[in-house]
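Asks: Here is how the chains run, residue by residue.
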Amino acid sequence: MTDLLSKFDPLIAERQGLLDTGVRDPFGIVMQAVLSPTEAIIDDRHTILLGTYNYMGMTFDPDVIAAGHDALTRFGAGTTGSRVLNGTYQSHRECEDALKDYYGTSHAMVFSTGYQANLGIVSTLAGRGDYVVLDADSHASIYDGCSLGNADIVRFRHNSVEDLDKRLGRLPPEAGKLVVLEGVYSMLGDIAPLAALVAVAKRHGAMVMVDEAHAMGFFGEHGRGVTEAAGVEDQVDFIVGTFSKSVGTVGGFCVSNHPKFEILRLVCRPYTFTASLPPAVVASSAASIRKLMHNQAKRRQLWDSTRRLHGGLRAAGFQLATATPESAIVSVLMPDQETTVRMWQAMLESGVYVNMSRPPATPVGVFLLRCSVCAEHTSAQVETVLARFNDAARAVGLQLAAAA
Amino acid sequence: MTDRTSIFTRICALIAPLNRRGVTLTETTSFANDLEMDSLTVMDLVANIEDEWDIVLPLNLLPELETIGQVADAVTKLATK
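Protein chains in written order, with my numbering: chain A, 1 to 404; chain B, 1 to 81.
Think of the hints as simulated: they come from the structure by calculation, not from any bench. Do not rely on the hints blindly, as some may be mistaken.
[Stated by the list, open to error] The calculated DSS-like cross-link candidates involving lysine-lysine, where the alpha carbons are at most 25 Å apart (straight line), are:
#, chain 1, residue 1, chain 2, residue 2
1, A, K260, A, K100
2, A, K166, B, K81
3, A, K202, A, K166
4, A, K202, A, K260
5, B, K77, A, K166
[As the list claims (entries may be wrong)] Footprint (simulated), chain A over chain B, 3 or more residues, beta carbon under 8 Å:
#, stretch
6, 36-43
7, 63-76
Since the model is a prediction, treat every value here as computed from it, not as a measurement. By construction, the Cβ of each residue, glycine as well, lies at the ideal position given by its N, Cα and C atoms.
Given these sequences and hints, build the entire structure.
Replies: Here's what the structure looks like:
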């Protein structure tokens, strides 16, 4: 008998080699208790959370929790069904209404996760003979959507307007084309030059989808994302997003003004052939989305803390993935896997949780310690984090640049 | 240059900087097994090949292209269309 898992032997060996050096498994963290959007107990230790994507800190918002409690009591624990059969409750409708109000669109479709929203929209919109043209640094869910569908897949160099133009120019003019972009790219925390990219896409007759997962809530006047901030909402055909970041729950969505949008509910397999979200989740999400419409103070707080963190790390000599704080993700470039894991562990043992990222999640050969800032982080927490970054770098012997 | 021989030679030249283990490049050299290229490296190589001959080599065709010879065949077909 061939052991089907033997193909993973090289990865098993690499992991074991790393763990044998005495470091803790960076992909095996357990939160024993969650105290707030910014604090948890990990390894019996009080820990500042700086890697949760909980940008707006809505997870413990009293209104969000109350809406979930109420729906749990009135509608039960789960729907046990697909959105198109028995799985659409009043609360799912209200959640889609909240999204339509938030984005000012005529249609909204709620999926069970953000991953499924990308999987479904990309695979369904572009069929046989069509082209998906995607940014090289696209999220795994977008690549997987390409694999699930039957379109031809063309990849352009990350954030390169010129490369997108060139690749679109090689495609048959009459073919259907979907250009897939993200507002914020989560690994390096950089934003897309959407105005220029969307203009090129439109010039070649392509439809445009933008994933705003890491931008919802704090980009643009209404918090609709980089699309709004770039002033191209009327040019973007589909916006995909998630509830598991700024909204603070779980779920995914697509909003659009396309007049035929509703047919997607019947032809999009990752929407149709899975169970819908539990009533409590959609009710909490709807409450959170409506609160996110009016959150100037939180947005300001988030950007202030991000600037302070980015500036503090830069001044201390850490190498950052972006020269300025472009989003609420601050990525520290690391030299190699071993130093990254040791530094990550030193941070954790000093009570700060950040994300460790490695290829293939990151662009080729890049190792990162990624911080995502929350509007609820206090300035005292940010100062503590900066101090601990410095201590950890010293402890693991990470070379820092001369003070800027 | 769009004849099969010069295309094969040029593809080998594009692979050379990625051939860290110094594997001898032949018609049957495999990207995954012999060159041990990960999927990201392969996709970057595809972008360079596309630019070299101004063609579209969709990523969904890659699973069928395991060896340098197979890629040379595909490029020859696309470049002479």
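Asks: Does each hint fit the structure? Answer for all of them.
Replies: To see whether the hints hold, each was checked on the structure:
This hinted pair checks out: K260 (chain A) and K100 (chain A) have alpha carbons roughly 16 Å apart, not beyond 25 Å. Restraint check: the Cα-Cα separation between K166 (chain A) and K81 (chain B) comes to about 19 Å, which is no more than 25 Å; the hinted pair holds. A hinted pair counts as satisfied when its Cα atoms are at most 25 Å apart, and K202 (chain A) with K166 (chain A) qualifies at roughly 14 Å. At roughly 19 Å between alpha-carbon atoms, K202 (chain A) and K260 (chain A) fall within 25 Å of each other, so this suggested pair holds.
Annotation: proposed proximity of K77 (chain B) to K166 (chain A) holds, straight-line Cα distance about 21 Å (limit 25 Å). Residues of the stretch 36-43 of chain B with a Cβ under 8 Å from some Cβ of chain A number 5, which satisfies the need for three, so the listed coverage holds. Evaluation of the coverage hint for the stretch 63-76 of chain B: breached, as 0 residues show C-beta separations to chain A shorter than 8 Å, against a requirement of three.
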